[in-house]
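Asker: Based on the sequences and whatever the hints tell you, model everything.
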Amino acid sequence: MAKILKNHLSIVYIILWVALAVIHFSLLYFGYGLFIFVAFSDSLVFNLLFALIGSGLWFMVRYSNLQTKTISELAFYHLGGAAVTILAWMMAGYLILNGIFSADEVYLDFLKMTISLRIITGVMFYALLVTGYYLLINFRELKEKNQREAQLTNLLKEAELNMLRSQIRPHFLFNSLNSISSLTMTNPGKA
-12 MAKILKNHLS
-2 IVYIILWVAL
8 AVIHFSLLYF
18 GYGLFIFVAF
28 SDSLVFNLLF
38 ALIGSGLWFM
48 VRYSNLQTKT
58 ISELAFYHLG
68 GAAVTILAWM
78 MAGYLILNGI
88 FSADEVYLDF
98 LKMTISLRII
108 TGVMFYALLV
118 TGYYLLINFR
128 ELKEKNQREA
138 QLTNLLKEAE
148 LNMLRSQIRP
158 HFLFNSLNSI
168 SSLTMTNPGK
178 A
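Going left to right, the sequence shown walks through residues -12 to 178 as our numbering numbers them.
These are computed hints drawn from the structure, not numbers from a lab.
This one's a predicted model, so the numbers in the text were calculated from it and none came from an experiment.
All C-beta atoms in this analysis are idealised placements derived from N, C-alpha and C, irrespective of residue type, glycine included.
Hints may contain errors.
[As the list claims (entries may be wrong)] The calculated lysine-lysine pairs, modelled on BS3-like cross-linking and capped at a C-alpha distance of 30 Å, are:
1. K56 / K132
2. K144 / K132
3. K130 / K144
4. K130 / K56
[What the hints assert, rightly or not] Here are the in silico distance ranges between beta carbons for each label pair:
5. D91 / S42: 29 to 39 Å
6. V93 / A114: 30 to 40 Å
7. E131 / Y64: 23 to 33 Å
8. L142 / A75: 47 to 57 Å
9. G86 / Q134: 46 to 56 Å
10. L(-4) / D91: 32 to 42 Å
11. F27 / E128: 32 to 42 Å
12. N133 / K56: 24 to 34 Å
13. R135 / D96: 51 to 61 Å
14. Y64 / F22: 36 to 46 Å
15. I106 / R49: 21 to 31 Å
16. S89 / L(-4): 36 to 46 Å
17. S42 / F63: 16 to 26 Å
Answerer: This is the structure we're talking about:
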């Protein structure tokens, strides 16, 4: 866990989920008039669960090679992933909150009424996370490609310089030998 937190992208990920949880809490508390503890619990449970599940989606996206899969394979892959993710998220959230607020019939009715809205929200979260992960992967690949290109450019310049040096050295050697040869004929003592 410490290694994950060292990565600045993980910190950004956590900050984004905290912001979403605050927005969710505000909507439940101010918009729907739920009690503060109920709104806090609902927001915390559903956002924390999706944040945890969403961090696992990184590996699913990372190992789904866009270059080798067709669009239909990717669509099937992500429709299945979205269905499993949202089903797990909804079931876990519902079971946890049903356990916490088993005596609060008003909240449990509210929870049942908002299932479709939560599923739509889950689809949106899934789509945004997967899209963000693909963008991040493409950004990293582009950055690595640019670094390799810069290294190849440096190697090319170095090779050109070495070629120029190898062209200059024989002329320098020839001129030096020619000068020594000429000096031995005109002034053998200085040679």
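Asker: Within 36 to 46 Å or not, the Cβ separation of S89 and L(-4)?
Answerer: holds, 38 Å
Asker: Starting from the hint 51 to 61 Å, judge whether the C-beta atoms of R135 and D96 obey it.
Answerer: For R135 and D96 the Cβ distance comes to about 59 Å; the hint holds.
Asker: Is the distance from the Cβ of L(-4) to the Cβ of D91 consistent with 32 to 42 Å?
Answerer: holds, 38 Å
Asker: In this structure, is the beta-carbon distance linking E131 and Y64 contained in 23 to 33 Å?
Answerer: holds, 24 Å
Asker: Honestly, do S42 and F63 meet the 16 to 26 Å range at C-beta?
Answerer: Holds - the Cβ-Cβ distance for S42 and F63, about 23 Å, lies within 16 to 26 Å.
Asker: Given a hint of 46 to 56 Å, does the C-beta separation of G86 and Q134 actually sit inside it?
Answerer: Holds: the Cβ-Cβ distance is about 51 Å, inside 46 to 56 Å.
Asker: Between N133 and K56, does the C-beta distance stay in 24 to 34 Å?
Answerer: Roughly 25 Å apart at Cβ, these two residues keep to the hinted range, so it holds.
Asker: Do the Cβ positions of I106 and R49 conform to the proposed distance bound of 21 to 31 Å?
Answerer: holds, 26 Å
Asker: Holds or violated: K130 with K56, Cα cutoff 30 Å?
Answerer: Given that 30 Å is the threshold and the Cα spacing comes to 23 Å, the pair holds.
Asker: Given the proposed pairing of K130 with K144, does the C-alpha separation stay at or below 30 Å?
Answerer: holds, 21 Å
Asker: Looking only at beta-carbon atoms, does the pair D91, S42 fall within the given range of 29 to 39 Å?
Answerer: holds, 30 Å
Asker: Is it true that the C-beta distance of F27 to E128 lies inside 32 to 42 Å, as the hint says?
Answerer: Because 40 Å falls inside the window, the suggested range holds.
Comparing the model with each numbered hint stated earlier shows that all of them hold.
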